[in-house]
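Residue numbers (numbering that gives the first Met the number 0), protein chains in the order written: chain P, 0 to 490; chain A, 0 to 410.
Please note that the accuracy of each hint is not assured.
DSS-like mimics (lysine-lysine), calculated; alpha carbons at most 25 Å apart, straight line [claimed, not checked]:
| # | chain 1 | residue 1 | chain 2 | residue 2 |
| --- | --- | --- | --- | --- |
| 1 | P | K369 | A | K178 |
| 2 | P | K308 | A | K178 |
| 3 | A | K178 | A | K9 |
| 4 | P | K308 | P | K205 |
| 5 | A | K167 | P | K466 |
| 6 | P | K466 | A | K391 |
| 7 | P | K454 | P | K439 |
| 8 | A | K2 | P | K454 |
| 9 | A | K254 | P | K308 |
The hints are simulated quantities; they were obtained by calculation from the structure and are not laboratory data.
Quick caveat: nothing in here was measured; it's all calculated off a predicted structure.
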Amino acid sequence: MSHQYYSPVRDPLILGNKTYAQITEDISSQAERGPTLRFMLAITFTGLIALMGVLAILYTIWKGIGVWGENKTVGWAWDITNFVWWVGIGHAGTLISAILLLFRQRWRTGVNRAAEAMTIFAVICAGLFPMIHMGRIWDAFFIFPYPNSRAAEGFIDWRSLWPNFNSPLLWDVFAISTYFTVSLLFWYTGLLPDLATIRDRTKGIKQKIYASLSFGWRGTAKQWQRFESISLVLAGLATPLVLSVHSVVSFDFATSVIPGWHTTIFPPYFVSGAIFSGFAMVLTLMLVARVVMKLEDYITINHIESMNKVILLTGSIVGIAYLTELFMAWYSGNLYEQYAFMNRATGPYWWSYAAMMTCNVISPQIFWFKGARRNVVITFIMSIFINIGMWFERFVIIVTSLHRDYIPSSWLYYTPTWVEVAIFVGTIGIFMTLFLLFAKYFPVVAIAEVKSILKSSGDQYIAAQAKEDAEERNEQGGAAFAGAYRKDKDQ
Amino acid sequence: MIKPFPEYYKLSPSVKTFSFVTIGVGLVFFIIGVLLNLHYPARIWSVLFSTNLYFTLIGLAAIFWVTSQTIGYNGWFILLKRIPEAMGSFVKWGALLMIVILALGSHSIYHWMHEGITNPASPDYDALIAGKKPFLNQGFFWIATIVYLGLWVGLIYLVRKNSLESDKAWDLANYRRSKVISMFFLVVFAVSTSTAIWHWLMSVDPHWLSTLYGWYCFISMFVGSLSTIALITIYLKENGHLKLVNDSHIHDLGKWVFAFSVAWTYLWFSQFMLIWYGNIPEETLYYRNRFESYQILYWLTFFINFVLPLLVLMTAGNKRNPNVLRFVAILLVFGHWLDYYLMVTPGAVGNAGYYDANGQAITNFGIGFMELGLPTAYLGFFVYVVFTALSKSSLVPINHPFVKESITHQT
């Protein structure tokens, strides 16, 4: 058997006729240089926003949840919307690194590192919200297993260890902490060889720091062999986690009997929406990063097109789910279901429903056109649209389902206060600050993994293969295999 | 230099014998079952309907696999591509039989088609079903059925025709055309499988609904289809065909069967758990029917379709072993047929035929001569149609731009 053949029909994923040395140079030099003025300004700006968020959180803890706009009827609003939004964004990274690894999608190597980092930062932001929403944050340990006397008398089994084991909110704690741990391990394992590369190129204190970060990686055959095994094991573990996290988040709603929440399509539909929003956020950040950090040869238009295809796919799945829910609400013959959906579309929160439908279902249809998928400006605008649309989707699901319950006398309208807005904007600041730090001091593209696809997806190798194939066809007279077609034969 | 060469399959006598024997024996069993159950037409029609639907959807989902892999730039599966394409040619026969079965038997299967059920003056009036009349009425049902089946048959014809034409000469335009056709197929498939499932299957229990149901049925047919692809591949390979296919292809097929069996369980669990947790009588009645009278069969589907592939196909060695994969795939084809059978029969038949002398509903297997005979006959028919289609073209799409990737495929 000859070596693995790669069809030249495939688009190149590394441009600029790169050698291995150039790849190392292009990516690690970014991390080795000192911070520029532009970077300092950017991180000061995002740091101040993050600080505002932290102050608003402290204010909430000091004064109590009363400083938020929630009321007796709408007990979940911005906080849970933000929580679900951030968890959703944290889906792209692990999908790219785990599921696309199993599907052998080579384009993942250009974006997986940054997407994984983003996943981790997004989950950190997400995790803040349920904690703050507890109100009495000092009681947060309730969610962890510990021997206690709170369970009903006579139980000395698991029921006394977990105060509320049958609550999906508790399942969330497990789902998200597991996801976070595995994603972090996956990300950091991948970083080891690249951190060692930077260590070997720097001197002094920098070298010491990167040396300790790279855990003594030497790049021996044994280390690579272990590295490959652990990557596969982590990919295997992470794949079901990508699906389970947002499924469990959807259980928070779907296990209830609230019209608009209790619907069986929620788990896969939430997962699809999460991937949709995660890719949008990856595009928002990477479209900027690739220009600022001059990574256009590694994050090419072909990468952007592939991500836009994923967006089109998951966006369409989400659209089908919306329409399925709408149809089923009518089909159920259940007055309350029907009202919940009518109220979403035409009630006092109609504008959030309209924003959701426009940004998530209608506008992504533009990606049916190749020209739009390969257009950086359109892609950037669409990625912002989707970020907004997916936030509104969670707002629609949470707030419009709650604000008019079974008793019209308790119908209320929810409006956020400045504290809630400040916390939300603050988490964006935290996210951006962490991302900037990562982008400055870590290799933002996976050096070792990009090198592994150079010979299959580098532009010069693809051109050479195309030439070889064309010569081969010419030798065989252009139509070498004509005659395999059997239309003229009997049967 | 890697050189793809065309390979031809001639319909072998053993396949012909297998088809004719299974069709013959299956039909004899089926007819015995029919004669024993003439007083329960619902049971006869529901097994005919669910079996025909299952085999049709297996063919349809095979084309879904081809088209989705075409859109996704899959290189390794090219050597196997002609197998799912041949499976698609069963859909036209399934569609034809579907129309016959529904024309003659739909009144026995669908409670909502009964006389007077939407007529307020009638003693049989059912307000809930009457409210669904814009969707559940015979006119719409028939138009929709014909549109779904027509679109499927037409698009499958285009997919296969375009693929076979690529054998004429090396032509990239053909490859580009395959992407466009695939895109149209996928859009039609994504919408029509859900809506067709609502019309054909969900309305068997007309009071019940589940938003996930369409996707659940999709994943069930998909696993059935992947298992069939694996079985045909292994059969052809062991009989000296598909010379370029190696262990890695078998391994990858095993991965698909394993992964989507787990995905099936994910959707099974999502639907079941949420209905169980919500505990709303209108929703739980679906599972109650199945647990009361079909309990053993219901858990059997769960065991075959989840526990078995999970445990057996977990290791790489087992996925690469054709004997192990064949064992699991045969059971999965049966397990997902059972799944479809249990989607229809409990709703259409209820406990008819399964009451004891005092009129109490009794738990039973629900499997008799008919339920053993008909799928056997269909299996023979399916094999005959698919292998005939396979014999009409080269097994290797030699001019596909990714064919060499598939030949050098190693995992």
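Agreement of P:K308 and A:K178 with the hint, judged by alpha carbon distance not exceeding 25 Å: holds, 13 Å
query: Does the structure keep A:K178 and A:K9 at a Cα separation of 25 Å or less?
result: violated, 30 Å
task: Decide if the proposed pair is consistent with the structure: A:K2 and P:K454, CA atoms, cutoff 25 Å inclusive.
output: holds, 21 Å
- prompt: Hey, P:K466 versus A:K391, does the alpha-carbon distance stay inside 25 Å?
  reply: violated, 34 Å
- prompt: Is the hinted pair A:K254 and P:K308 satisfied, with a Cα-Cα distance of at most 25 Å?
  reply: Between A:K254 and P:K308 the Cα gap is close to 24 Å, so the pair holds against 25 Å.
- prompt: Do the alpha carbons of P:K454 and P:K439 lie within 25 Å of each other, as the hint requires?
  reply: It is violated: about 28 Å lies between the C-alpha atoms, which goes past 25 Å.
- prompt: Between P:K369 and A:K178, is the straight-line Cα distance small enough, at 25 Å or below?
  reply: Holds, at about 12 Å.
query: Between A:K167 and P:K466, does the CA-CA distance stay at or below 25 Å?
result: The given pair, whose Cα atoms are some 22 Å apart, holds under the 25 Å limit.
- request: With a cut-off of 25 Å on the C-alpha distance, tell me whether P:K308 and P:K205 pass.
  value: Distance ~40 Å between P:K308 and P:K205 Cα, so the pair is violated.
Going through the hint list in order, the structure does not satisfy hints 3, 4, 6 and 7.
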